[in-house]
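Mapping the sequence shown onto this note's numbering, position 11 (from 1) lands on 476, and the numbers just tick up by one.
Hints listed in this document are in silico derivations from the structure and should not be mistaken for laboratory results.
All the given hints hold, so there is nothing to weed out.
Mimicking BS3-like on lysine-lysine, the simulated pairs with C-alpha atoms at most 30 Å apart in a straight line are:
#  : residue 1 : residue 2
1  : K499      : K514
2  : K499      : K540
3  : K570      : K489
4  : K500      : K561
5  : K570      : K544
6  : K517      : K499
7  : K561      : K499
8  : K544      : K514
9  : K500      : K489
10 : K592      : K544
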Amino acid sequence: MEKNKINKIEEEYLKTIYQLIQSKGQARVSDIAKKLSIRPASVTEMIQKLYKKGFVSYERYNPITLTQDGEVLAKTVVKRHEVLKEFLQRFLGIDKKIASEDACKMEHVVHAETMTQLINFMNFIRKTPNFMKWQNLD
466 MEKNKINKIE
476 EEYLKTIYQL
486 IQSKGQARVS
496 DIAKKLSIRP
506 ASVTEMIQKL
516 YKKGFVSYER
526 YNPITLTQDG
536 EVLAKTVVKR
546 HEVLKEFLQR
556 FLGIDKKIAS
566 EDACKMEHVV
576 HAETMTQLIN
586 FMNFIRKTPN
596 FMKWQNLD
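With the sequences and hints as input, model every part of the structure.
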């Protein structure tokens, strides 16, 4: 396995660690386990994998921190989630909860080129007066 190759489960862990650090100031195994609804032993196993790949700094019984590479990747996943959720909610009228659930699934599989174009599209639409007018067309 390539050192920096990462799958969607690992991305979800990095995103969760990042969000916990942002909201609580730190990320601990127990907090990650609670947020992801999994056993602490499973979290520890994954954290060790992420450590070997260079995405987290980890010492037993201490908070987990993201390395520079880990933070960059976590921020990318968070950005993808936010953009997809906003698109689903604002432009397609999807309920907030459903949009968040779907964005969580989509954020890991959308190609980078597609994501870039979606971001560009949304930036353009946000700057366009009456951008939601199309929804009222018959």
